[in-house]
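Trainee: Residues per chain are reported as follows:
There are 2 protein chains.
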Amino acid sequence: MSEIITAGILVIGDEILSGRTKDANIGFIAEYLTNIGIDLREVRVVADDEAAIVEALDALRHRYTYVFSTGGIGPTHDDITADAVAKAFGVGIDHHPEVVARFRERFSEAELNEARLRMARIPDGAELIQSATILAPGFKIGNVIVLAGVPSIMQAMMDIVAPKLKSGVRMLSESIRANAREGDIGGPLRALAKAHPDAIIGSYPFLDEDKKPNTYLVVRSRDPDKLRDAVEGVKQMLGALQAPQ
Amino acid sequence: MSEIITAGILVIGDEILSGRTKDANIGFIAEYLTNIGIDLREVRVVADDEAAIVEALDALRHRYTYVFSTGGIGPTHDDITADAVAKAFGVGIDHHPEVVARFRERFSEAELNEARLRMARIPDGAELIQSATILAPGFKIGNVIVLAGVPSIMQAMMDIVAPKLKSGVRMLSESIRANAREGDIGGPLRALAKAHPDAIIGSYPFLDEDKKPNTYLVVRSRDPDKLRDAVEGVKQMLGALQAPQ
Chain A
12 MSEIITAGIL
22 VIGDEILSGR
32 TKDANIGFIA
42 EYLTNIGIDL
52 REVRVVADDE
62 AAIVEALDAL
72 RHRYTYVFST
82 GGIGPTHDDI
92 TADAVAKAFG
102 VGIDHHPEVV
112 ARFRERFSEA
122 ELNEARLRMA
132 RIPDGAELIQ
142 SATILAPGFK
152 IGNVIVLAGV
162 PSIMQAMMDI
172 VAPKLKSGVR
182 MLSESIRANA
192 REGDIGGPLR
202 ALAKAHPDAI
212 IGSYPFLDED
222 KKPNTYLVVR
232 SRDPDKLRDA
242 VEGVKQMLGA
252 LQAPQ
Chain B
12 MSEIITAGIL
22 VIGDEILSGR
32 TKDANIGFIA
42 EYLTNIGIDL
52 REVRVVADDE
62 AAIVEALDAL
72 RHRYTYVFST
82 GGIGPTHDDI
92 TADAVAKAFG
102 VGIDHHPEVV
112 ARFRERFSEA
122 ELNEARLRMA
132 RIPDGAELIQ
142 SATILAPGFK
152 IGNVIVLAGV
162 PSIMQAMMDI
172 VAPKLKSGVR
182 MLSESIRANA
192 REGDIGGPLR
202 ALAKAHPDAI
212 IGSYPFLDED
222 KKPNTYLVVR
232 SRDPDKLRDA
242 VEGVKQMLGA
252 LQAPQ
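Protein sequence lines correspond, in order, to chains A and B. For any residue, its number in my numbering is found by taking its place in the first sequence, counting from 1, and adding 11. For any residue, its number in my numbering is found by taking its place in the second sequence, counting from 1, and adding 11.
Worth flagging that the hints you see were computed from the coordinates, not collected in a lab. Watch out, some of these pointers could steer you wrong.
Note: identical chains are not told apart, hence a pair may lie in one copy or across any two.
[To be verified] Derived lysine to any residue pairs resembling SDA-like cross-links, with alpha carbons at most 25 Å apart:
| id | residue 1 | residue 2 |
| --- | --- | --- |
| 1 | Lys205 | Arg31 |
| 2 | Lys33 | Met165 |
| 3 | Lys205 | Val65 |
| 4 | Lys33 | Asp170 |
| 5 | Lys222 | Leu128 |
| 6 | Lys223 | Glu120 |
| 7 | Lys175 | Gly48 |
| 8 | Lys98 | Pro208 |
| 9 | Lys33 | Arg181 |
| 10 | Lys246 | Met182 |
| 11 | Lys223 | Val110 |
| 12 | Lys151 | Ser163 |
| 13 | Lys33 | Asn46 |
| 14 | Lys33 | Val161 |
| 15 | Lys98 | Arg74 |
| 16 | Lys98 | Lys205 |
One chain only, chain A, in its complex shape (with noise of 0.2 Å):
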C-alpha cells in the first residue's frame, strides 16, 4: 500500500506548439492522477513527428510508472501516434479485427475508407480502450495507455483505463489562505517546511477581492498525521505574523 505510483503525460500535436489550440488535457489528467493516488511527475508536448514521439516516450516510460499520451490517434496522415508507440515497443502494428468489425456496423462500405481504418491501426499485444460511445478506440501498452487528444473523448477514455490502474496512496492536501502577502511570510515558512520534511508546502501568490497580494498556502502529505501537524504549524505560523507585535 506504501508504494508510490508515479506517471509522466505526453501531449503529441503541432497544433499545441503552434499555439492555435489551447490545451486543456494536461489540467485535467494532472487533477485526475492526483485524486486517484498517482503523481504527475513530467508532461511533454512534442510535434507530430515520429522520431520526437519515439524519444519522449522512451524517456517517460522507463522512468515513471505509467504515461498518458494524447493526440494523434485520428484518420489523418499527421495521426501517427499509434505507429509512433508501435515502433517505441518494437512490436508489430495491424488493423485490429475487433475494432475493424465494429467499424463494419457504423460504417457503409464506401465510408470505410483507408483513412476510417486506419484509426482501427493498433500495436499488437494493446489492449483496447472503448465504449460505445467512444468510435476510434485508445489503448494500453504495457505501461503507455494512449488517448484521445479531443477533450471529452479523451476523459471518457480515462474514466475506462483508470479503475485498472495500480493507485498508490493518495497525496493528501489542504489549502490555506494566508491573507499576507508571499513575501512576508517566506522566512517563517521556508523554516516551517525544513521542520516538515514529510509534508510539502507550497506557496501561490494570487491578488485578492480588494486587488491586494495574498497568498495561498497549500500543504501535502500522504500521512494524515503528519499533514495535520504541519497545517497547524502553518495556522500558528499565521496567527503568530498576525498578532499586534
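Using the hints, position chain B against chain A.
Mentor: Only chain B this time, still in chain A's reference frame:
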C-alpha cells in the same frame, strides 16, 4: 534570413503537476513565438525539484535556439528556479546590486527581509528582464529566458525580451473549414500532403454549430507561394468531394 529559430518551454511547478493550477502560459508563449517567427518544438513541465529542472533545462538549451522557463522565481522556499539555472550553467549566483537597489526604494527596512531579497538572487552574467511594473525581475542567461509564473507578469516580460531575440522567417498559415468529416477526406488529404512537401497540412476535427462532425484544415509554410499552392490544392480537393458524384 532563412535561418530557422527554434524554442523549448520549461514550465516549473508542483501546482501544475498536481492539477491545482491550470497552466495558461504554454498557450500564450506558443502563440507569441509563432507570431514572431520562432518555432516552438517542445514543452516540458517539471516539479519544484532542482535535479529535474537542471536535467530538463540542459536537454532543451542544447537542442533549441531559445528556452523559455516560467515559474519558481518568487520569495519562498519552493522558488528554486534561479539556483537551478545557475547550477545548469555552472555559474555563481548572488544578490544583484541593481535589483537590491530597486527593492530598497520600494520596501521599508523591515519589509526587505531574506525572503524578499531572495527574489534579487540572479545568476552571474545574466541580463535582467524588468520594468517599473515588474517587482521581481526575470532574466536571460545564454539562450535561456527565465520568466515569472504569474501570467500577467510573464506576459509583460515577454514584451520586454521579444524585441531582443533573433527571429526567423515567420511561419504563414491559412485555416480552411472543410465542411466534411475527417474520415471522408483523410485519403485525398494524405495524397495532397505528399504532393506539397514544403507545406505542413494539419487536420483538426470539431463539432460544428449543428453538432455535426466537421474539420478544420490548417496549411502552414514559410514560403507564401508554396502556402498558396497547397491552399489551392486543399480547396480543389474539397470542391471535388462536394461535387455530385
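Trainee: All the hints need checking, so say for each whether the structure fits it.
Mentor: Here's how the hints hold up against the structure:
| no. | hint | verdict |
| --- | --- | --- |
| 1 | Lys205 x Arg31 | between (43 Å within a copy, 23 Å between copies) |
| 2 | Lys33 x Met165 | both (15 Å within a copy, 17 Å between copies) |
| 3 | Lys205 x Val65 | between (40 Å within a copy, 22 Å between copies) |
| 4 | Lys33 x Asp170 | both (23 Å within a copy, 20 Å between copies) |
| 5 | Lys222 x Leu128 | between (55 Å within a copy, 23 Å between copies) |
| 6 | Lys223 x Glu120 | between (64 Å within a copy, 21 Å between copies) |
| 7 | Lys175 x Gly48 | within (13 Å within a copy, 44 Å between copies) |
| 8 | Lys98 x Pro208 | between (42 Å within a copy, 24 Å between copies) |
| 9 | Lys33 x Arg181 | between (29 Å within a copy, 20 Å between copies) |
| 10 | Lys246 x Met182 | within (20 Å within a copy, 52 Å between copies) |
| 11 | Lys223 x Val110 | between (56 Å within a copy, 23 Å between copies) |
| 12 | Lys151 x Ser163 | within (19 Å within a copy, 39 Å between copies) |
| 13 | Lys33 x Asn46 | both (24 Å within a copy, 15 Å between copies) |
| 14 | Lys33 x Val161 | both (12 Å within a copy, 17 Å between copies) |
| 15 | Lys98 x Arg74 | both (18 Å within a copy, 23 Å between copies) |
| 16 | Lys98 x Lys205 | between (45 Å within a copy, 22 Å between copies) |
In summary, the structure agrees with every hint in the numbered list given earlier.
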